[in-house]
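Given only the sequences and the hints, what does the whole structure look like? Please build it.
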Amino acid sequence: MTALPRGNFLEDFKPGRTIRHGTPRTVTDGDIAVYMALTGSREAAQSADTTAKLCGLTRRPLDDWLVFNIAFGKTVGDISHNAIANLGYAEVRFLRPVFAGSTLRSETMVIGLREINTRNAGIVHVRSTCLDETDTPVLSWVRWVMVPKQADGRRIDTQVAPELLPLIPPQDIESHARLGSANALRAWCQATASTKLWDDYALGDGIDHPSGMTIEEADHMSAARLYQNTAQVHFVPKTMVANEAGRRIVYGGHVISICYALSCEGLENRIHVAAVNSGKHTAPVFAGDVLYSKSTILDRQTIRHRSDIGLLRLRLIGSKAHDPEAAGGGLTVLELDYWAVIPRRHG
Amino acid sequence: MTALPRGNFLEDFKPGRTIRHGTPRTVTDGDIAVYMALTGSREAAQSADTTAKLCGLTRRPLDDWLVFNIAFGKTVGDISHNAIANLGYAEVRFLRPVFAGSTLRSETMVIGLREINTRNAGIVHVRSTCLDETDTPVLSWVRWVMVPKQADGRRIDTQVAPELLPLIPPQDIESHARLGSANALRAWCQATASTKLWDDYALGDGIDHPSGMTIEEADHMSAARLYQNTAQVHFVPKTMVANEAGRRIVYGGHVISICYALSCEGLENRIHVAAVNSGKHTAPVFAGDVLYSKSTILDRQTIRHRSDIGLLRLRLIGSKAHDPEAAGGGLTVLELDYWAVIPRRHG
Amino acid sequence: MTALPRGNFLEDFKPGRTIRHGTPRTVTDGDIAVYMALTGSREAAQSADTTAKLCGLTRRPLDDWLVFNIAFGKTVGDISHNAIANLGYAEVRFLRPVFAGSTLRSETMVIGLREINTRNAGIVHVRSTCLDETDTPVLSWVRWVMVPKQADGRRIDTQVAPELLPLIPPQDIESHARLGSANALRAWCQATASTKLWDDYALGDGIDHPSGMTIEEADHMSAARLYQNTAQVHFVPKTMVANEAGRRIVYGGHVISICYALSCEGLENRIHVAAVNSGKHTAPVFAGDVLYSKSTILDRQTIRHRSDIGLLRLRLIGSKAHDPEAAGGGLTVLELDYWAVIPRRHG
Chain Y
0 MTALPRGNFL
10 EDFKPGRTIR
20 HGTPRTVTDG
30 DIAVYMALTG
40 SREAAQSADT
50 TAKLCGLTRR
60 PLDDWLVFNI
70 AFGKTVGDIS
80 HNAIANLGYA
90 EVRFLRPVFA
100 GSTLRSETMV
110 IGLREINTRN
120 AGIVHVRSTC
130 LDETDTPVLS
140 WVRWVMVPKQ
150 ADGRRIDTQV
160 APELLPLIPP
170 QDIESHARLG
180 SANALRAWCQ
190 ATASTKLWDD
200 YALGDGIDHP
210 SGMTIEEADH
220 MSAARLYQNT
230 AQVHFVPKTM
240 VANEAGRRIV
250 YGGHVISICY
260 ALSCEGLENR
270 IHVAAVNSGK
280 HTAPVFAGDV
290 LYSKSTILDR
300 QTIRHRSDIG
310 LLRLRLIGSK
320 AHDPEAAGGG
330 LTVLELDYWA
340 VIPRRHG
Chain B
0 MTALPRGNFL
10 EDFKPGRTIR
20 HGTPRTVTDG
30 DIAVYMALTG
40 SREAAQSADT
50 TAKLCGLTRR
60 PLDDWLVFNI
70 AFGKTVGDIS
80 HNAIANLGYA
90 EVRFLRPVFA
100 GSTLRSETMV
110 IGLREINTRN
120 AGIVHVRSTC
130 LDETDTPVLS
140 WVRWVMVPKQ
150 ADGRRIDTQV
160 APELLPLIPP
170 QDIESHARLG
180 SANALRAWCQ
190 ATASTKLWDD
200 YALGDGIDHP
210 SGMTIEEADH
220 MSAARLYQNT
230 AQVHFVPKTM
240 VANEAGRRIV
250 YGGHVISICY
260 ALSCEGLENR
270 IHVAAVNSGK
280 HTAPVFAGDV
290 LYSKSTILDR
300 QTIRHRSDIG
310 LLRLRLIGSK
320 AHDPEAAGGG
330 LTVLELDYWA
340 VIPRRHG
Chain H
0 MTALPRGNFL
10 EDFKPGRTIR
20 HGTPRTVTDG
30 DIAVYMALTG
40 SREAAQSADT
50 TAKLCGLTRR
60 PLDDWLVFNI
70 AFGKTVGDIS
80 HNAIANLGYA
90 EVRFLRPVFA
100 GSTLRSETMV
110 IGLREINTRN
120 AGIVHVRSTC
130 LDETDTPVLS
140 WVRWVMVPKQ
150 ADGRRIDTQV
160 APELLPLIPP
170 QDIESHARLG
180 SANALRAWCQ
190 ATASTKLWDD
200 YALGDGIDHP
210 SGMTIEEADH
220 MSAARLYQNT
230 AQVHFVPKTM
240 VANEAGRRIV
250 YGGHVISICY
260 ALSCEGLENR
270 IHVAAVNSGK
280 HTAPVFAGDV
290 LYSKSTILDR
300 QTIRHRSDIG
310 LLRLRLIGSK
320 AHDPEAAGGG
330 LTVLELDYWA
340 VIPRRHG
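Taken in sequence, the protein lines are chains Y, B and H. Take the first sequence: its position 151, counted from the start at 1, is 150 in numbering that gives the first Met the number 0, and no numbers get skipped. Take the second sequence: its position 161, counted from the start at 1, is 160 in numbering that gives the first Met the number 0, and no numbers get skipped. Take the third sequence: its position 65, counted from the start at 1, is 64 in numbering that gives the first Met the number 0, and no numbers get skipped.
Worth flagging that the hints you see were computed from the coordinates, not collected in a lab. Some hints here could point you the wrong way.
Remember, identical chains collapse to one label, so a pair may be satisfied in a single copy or spanning two.
[Said to hold, decoys possible] Straight-line distance between alpha carbons at most 20 Å, and here's what the computed SDA-like set of lysine to any residue pairs gives:
id: 1; residue 1: K237; residue 2: K319
id: 2; residue 1: K237; residue 2: A320
id: 3; residue 1: K237; residue 2: A326
id: 4; residue 1: K237; residue 2: D207
The model shown is predicted, which means the values in this text are computed figures rather than measured ones.
In structure tokens, the structure reads:
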């Protein structure tokens with residue numbers, strides 16, 4: 000019986016190396032339904048073809064985070080199979096809407112490498128791209144992970160610092176959404192049952208999203224399996240030294256999906272995520288935890304040549320208590336700084 | 000941080016007021032598959048295109064209760080977000096089959112209002128309608144809920160008693176199902192593996208459906224999320240004063256789905272639900288409960304101008320024990336009085 | 000209240016009798032998505048239309064075990080409703096790929112009957128066939144179950160021994176998969192991210208698949224419901240004398256799906272299952288168990304007139320520990336001896 004080689008170690012991540020990940024995945028209405036059942040997502044444009052048409056799309060696209068999680072899942076076997084920690088995200092760009100019937104695959108380039116002081120591990124930065132069946136990029140992102148060295152412990156000579164934007168500039172952002180007329184905007188607001196538009200959010204505004212969601216083992220494992228994510232830490236209680244809890248750890252992308260879905264109340268007119276400036280899982284989530292969300296408006300920007308839609312920069316905080324401060328703090332699990340596209344009041 | 004206003008209170012329900020609920024929802028084969036996985040539904044016409052064609056439909060329609068639950072879910076945020084109790088249903092009319100690809104939305108009219116003696120709450124009657132993307136009604140129903148007043152406690156002056164039919168008259172019922180020939184009926188009975196037709200049920204007949212189903216937290220929450228139902232009581236253990244159990248309460252529509260699916264054995268030839276005369280959740284259901292069903296034939300009626308199909312009026316009792324009387328009683332969770340369409344023996 | 004007759008007893012299984020099972024089932028992209036979410040399946044040809052086209056199929060087919068489980072589920076009510084044990088499988092032949100949109104039904108012939116010594120039960124052999132909407136067989140299999148007699152206890156006169164092949168001869172196996180060119184093979188290997196082909200496996204090779212999967216009640220019940228399998232032992236903790244554990248027993252087909260999905264690592268280029276020579280559930284699986292897989296190459300054969308693909312005969316062992324011997328043995332839950340189709344290196 001030979002054990003299989005499993006994933007890559009620090010030595011394998013040569014800066015500049017590109018990895019084409021396995022198992023392209025056709026996405027369908029089935030994935031959309033399972034995603035709704037697992038996350039409770041109810042974004043307007045993603046829920047109905049009729050609503051999607053109001054903002055210029057041919058039919059409802061997949062949820063942004065469903066696309067992200069499927070794209071991310073493809074990279075796990077090569078990038079984070081041996082990861083000690085998934086440290087952060089940056090430069091996440093949602094480039095095109097993805098529709099049922101598309102086939103998605105991912106590829107990844109190593110863009111940074113740094114040994115840590117103990118020399119038994121290092122931090123690897125990678126830029127991944129998700130492409131559809133025509134090889135058109137639909138999503139790209141940077142993440143960095145801590146990866147152990149293999150047993151030999153040789154010193155890594157080439158250390159490369161990644162070039163990262165602290166913020167995706169709003170002038171770089173485009174959107175396929177288009178609210179072509181005052182009538183379309185009116186019908187859109189009827190569909191979302193909300194008239195709170197881009198114009199109505201002010202810098203510093205906070206939104207205390209009222210709903211919570213209890214996490215179940217069956218739910219987070221089903222989500223990770225839907226994404227064909229193979230990281231053992233989500234499926235088996237005791238897998239690695241780093242998993243001190245001895246429990247299955249909820250896949251971080253599922254935490255994002257849940258917290259984002261909870262943040263719908265108060266942001267009903269959000270059309271889609273345009274980009275994520277930075278993201279961090281600040282604590283592990285386990286089955287039995289109840290997650291809540293809060294949002295803060297960090298910025299409000301226009302989009303070039305567009306008067307129908309605008310950008311809100313939002314900070315989404317996910318935590319294990321509705322009022323984490325009252326609960327003694329330390330319960331934050333997610334920090335996400337992102338740009339959302341939202342309709343503007345018609346001139 | 001501003002907390003969001005949440006749903007409506009007693010003072011907001013002006014009789015005659017109509018509310019157009021948010022977030023239209025396109026339904027697909029994905030929803031059908033998830034519904035099967037969560038409920039075990041195996042109604043013949045809803046399981047296969049070939050079987051649906053035998054009764055005159057172009058393809059398999061969605062399960063009646065899947066449509067009901069999605070339509071109902073749309074109304075929760077506006078109608079029952081603050082409800083102390085969901086007291087009952089009446090005049091539920093399944094008007095048209097719904098197929099994958101349709102987009103459903105709901106609207107609701109307030110048809111009754113009555114303060115209760117303690118004056119801190121009242122009973123609101125509403126009539127909701129689910130419409131497809133062409134604004135054609137596919138389903139309508141009345142329900143009544145107990146809703147608290149807001150803090151101010153002003154007296155409600157206008158009290159309106161709703162006009163309700165105790166029974167949907169069989170002469171009002173139409174059906175899109177049509178078994179056009181003796182051959183179609185024969186093929187239908189082959190598909191259901193049962194020859195027990197309308198003609199074979201007698202008034203007062205009882206059917207002790209043998210199967211039970213254990214309820215899991217992941218299942219009932221996935222069902223409520225699939226329906227985009229946002230009532231917190233299904234997702235968070237401790238949410239409201241009324242939830243004395245301190246546990247998540249299973250969404251009532253999931254209880255109906257499960258009990259109805261269990262009632263398939265012995266009613267294999269049921270084609271669809273035509274109408275519900277009255278419905279009541281008599282006790283809350285929690286994860287870990289095992290549900291069972293019993294049916295009684297209350298009436299048998301013909302449909303105008305139709306000799307191929309007829310109506311059975313059935314009482315469906317859902318309970319937490321296979322033999323609730325032997326178990327000491329008090330275990331009933333659901334009472335449903337409905338009309339089902341079922342083929343008649345060919346003249 | 001009349002209790003319903005439930006399934007068949009030993010006396011009902013007359014050798015030569017054919018049973019047409021109820022409730023044909025249309026399969027869709029929804030079923031594929033739910034199956035992925037419940038099992039984590041990531042077979043290459045079943046995951047993407049583009050990959051399926053590389054091996055000559057018009058689009059991705061359903062997973063072999065999804066087809067098997069739906070087909071099997073149809074037979075449960077008539078064959079194994081009263082079964083004391085599901086003893087084994089043989090001669091499982093996957094005859095044609097099944098695509099979304101097909102409607103499947105099953106029928107079964109009794110091919111063997113033998114009373115056991117205690118005379119209160121017997122062993123029934125049946126051969127079942129799954130047919131699509133054109134009555135074309137897509138799958139056939141033999142299984143045998145121990146079934147109790149009814150109360151009367153009359154002696155069974157006719158005992159018939161089934162004729163069973165110990166092994167499906169490789170010369171009997173055909174495959175719809177076709178890798179038409181060296182380019183197609185290259186693209187296929189890019190899709191699977193593996194270059195390990197038929198030529199690279201040697202007799203006796205063992206593969207220690209590294210991943211495990213924890214089983215949840217919600218997951219195995221959702222799987223059994225998706226397959227419209229009505230066996231109570233999967234849904235209710237205490238149902239029958241034979242269920243000494245007093246717990247829900249995981250449906251054996253779900254165990255096969257999980258163990259097969261876990262065996263993907265190391266067998267990434269497997270295109271589909273061609274046939275199962277023998278199968279056995281050696282111990283019941285319960286929620287909370289963590290399942291692992293090991294594979295051994297038993298044989299390597301060519302397919303008549305085909306140089307693009309070949310056959311591997313594999314033994315798949317599923318168990319409740321990654322290293323069952325170290326854990327004291329006795330943890331094996333599944334033994335499956337099957338033929339898989341896999342590409343050959345281009346001449």
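> Should K237 paired with A320 be assigned to within, between, both, or neither, using CA atoms and 20 Å as the limit?
Replying inline: between (26 Å within a copy, 12 Å between copies)
> Between the shortest in-copy and the shortest cross-copy C-alpha distance, which are at most 20 Å for K237 and D207: within, between, both, or neither?
Replying inline: between (36 Å within a copy, 18 Å between copies)
> For the identical chains here, do K237 and K319 meet the 20 Å Cα criterion within one copy, between copies, both, or neither?
Replying inline: between (23 Å within a copy, 14 Å between copies)
>> My question is about K237 and A326: at a cut-off of 20 Å on alpha-carbon distance, are they close within one copy, between copies, both, or neither?
In response: Close across copies (15 Å), not inside one copy (29 Å); limit 20 Å.
The structure agrees with every numbered hint stated previously.
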